[in-house]
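Peer 1: Sequence:
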Amino acid sequence: MKKLMAQIAKFGVVGVICFFIDFGVYTVLNVVFRATGFDQHCSWYYLVSQFFSFIISMVVNYILSFKYVFKRRDDMSKKREFVIFFILSVIGLIINEIVLYLGMDLVYVKWTWLHNTMGTGLAETLFKCFATGVVMVYNFISRKICLEDHSENG
Numbered sequence: 001m002k003k004l005m006a007q008i009a010k011f012g013v014v015g016v017i018c019f020f021i022d023f024g025v026y027t028v029l030n031v032v033f034r035a036t037g038f039d040q041h042c043s044w045y046y047l048v049s050q051f052f053s054f055i056i057s058m059v060v061n062y063i064l065s066f067k068y069v070f071k072r073r074d075d076m077s078k079k080r081e082f083v084i085f086f087i088l089s090v091i092g093l094i095i096n097e098i099v100l101y102l103g104m105d106l107v108y109v110k111w112t113w114l115h116n117t118m119g120t121g122l123a124e125t126l127f128k129c130f131a132t133g134v135v136m137v138y139n140f141i142s143r144k145i146c147l148e149d150h151s152e153n154g
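The working numbering applies: residue 1 is where the sequence shown begins, and numbers increase by one.
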């Protein structure tokens, strides 16, 4: 149990680093898209921002996860490991996009009182944080099951 708690703590540190990368890229792209008027031509510009921020943070997460959090399996090549990590991350991206879409397009836009209470930027931030939390739980469980060495020596 102590080992698991230490692993969760390391996963949390890596997650925080990658969250700031993800969140930073997402925020910068949203600002750029609004400043250039892209948001007027593409109502789902924030999903484009999310896609690019997620991919960048996923690559960093892969590197840090296997350096500090998870023990590599001896029976799996790094190529296969990355492909599985990528597939699991794409599933996480899909979950993230769905949660963000539901939050922005179905909750924020449709609930007039919420739309009148907070600006778009705050709503994007809140729903992004919620989506990230959901995906973080999924990521730990899926990577632990599919990628970590479960042998007695691992």
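Everything labelled a hint here was simulated from the structure, so no lab data went into it. Beta carbons: idealized from backbone N, C-alpha and C, even for Gly. Hints should not be assumed to be uniformly reliable.
What the hints assert, rightly or not - Listed next, with one range per pair, are the computed distances between beta-carbon atoms: (1) Lys78 - Gly24: 45 to 53 Å; (2) Trp111 - Asp74: 25 to 33 Å; (3) His150 - Val16: 41 to 49 Å.
What the hints assert, rightly or not - Capping the alpha-carbon separation at 27 Å, the derived lysine-lysine pairs in DSS-like fashion look like this: (4) Lys78 - Lys3; (5) Lys10 - Lys79; (6) Lys144 - Lys10; (7) Lys71 - Lys2; (8) Lys2 - Lys110; (9) Lys79 - Lys2; (10) Lys144 - Lys2; (11) Lys10 - Lys110; (12) Lys79 - Lys67; (13) Lys79 - Lys144; (14) Lys10 - Lys67; (15) Lys110 - Lys71; (16) Lys71 - Lys3; (17) Lys144 - Lys71; (18) Lys67 - Lys78; (19) Lys67 - Lys3; (20) Lys110 - Lys67; (21) Lys110 - Lys3.
Peer 1: Look at each hint and say if it fits the structure.
Peer 2: Results of checking the hints against the structure:
1. One distance hint, 45 to 53 Å for the beta-carbon pair lysine 78 and glycine 24, is violated here, with the actual separation near 28 Å.
2. At roughly 52 Å, the beta-carbon separation of tryptophan 111 and aspartate 74 lies outside the given 25 to 33 Å, and the hint is violated.
3. Evaluation of the 41 to 49 Å hint for histidine 150 and valine 16 yields a failure: the beta carbon distance comes to about 26 Å.
4. For the given pair, lysine 78 sits about 24 Å from lysine 3 by alpha-carbon distance, which is consistent with the 27 Å threshold.
5. Straight-line distance between C-alpha atoms of lysine 10 and lysine 79 comes to about 24 Å, which keeps the hinted pair within the 27 Å bound.
6. A distance of roughly 13 Å separates the Cα atoms of lysine 144 and lysine 10; the hinted pair therefore holds under the 27 Å criterion.
7. With a C-alpha separation of about 16 Å, the suggested pair lysine 71 and lysine 2 falls inside the 27 Å cut-off, and the hint holds.
8. Taking the CA atoms of lysine 2 and lysine 110, the gap is near 45 Å; set against the 27 Å cutoff, the hint is violated.
9. Of the pairs offered as hints, the one joining lysine 79 and lysine 2 is violated, with about 31 Å between alpha carbons and a cut-off of 27 Å exceeded.
10. Distance restraint check for lysine 144 and lysine 2: the Cα-Cα separation of roughly 16 Å lies within the 27 Å cut-off, and the hinted pair is therefore satisfied.
11. Between lysine 10 and lysine 110, the direct Cα distance comes to roughly 39 Å. Violation of the 27 Å bound is thereby established for this hinted pair.
12. Taking the CA atoms of lysine 79 and lysine 67, the gap is near 16 Å; set against the 27 Å cutoff, the hint holds.
13. A hinted pair counts as satisfied when its Cα atoms are at most 27 Å apart, and lysine 79 with lysine 144 qualifies at roughly 18 Å.
14. As the CA atoms of lysine 10 and lysine 67 are separated by approximately 10 Å, the hinted pair is consistent with the 27 Å bound.
15. Restraint check for lysine 110 and lysine 71: the C-alpha separation of about 45 Å exceeds 27 Å, so the hint is violated.
16. A hinted pair counts as satisfied when its Cα atoms are at most 27 Å apart, and lysine 71 with lysine 3 qualifies at roughly 12 Å.
17. Between lysine 144 and lysine 71 the alpha-carbon distance is near 9 Å, which keeps this suggested pair within the 27 Å criterion.
18. Under the criterion of a C-alpha separation no larger than 27 Å, the hint pairing lysine 67 with lysine 78 is consistent with the structure, at around 13 Å.
19. Pair hint lysine 67 plus lysine 3 holds up; C-alpha atoms about 16 Å apart against a cutoff of 27 Å.
20. Note on lysine 110 and lysine 67: the hinted pairing is violated, with a Cα-Cα distance of about 44 Å set against a maximum of 27 Å.
21. Taken as a hint, the lysine 110 and lysine 3 pair is broken in the structure, with Cα atoms around 45 Å apart against an allowance of 27 Å.
When each numbered hint is compared with the structure, violations occur for hints 1, 2, 3, 8, 9, 11, 15, 20 and 21.
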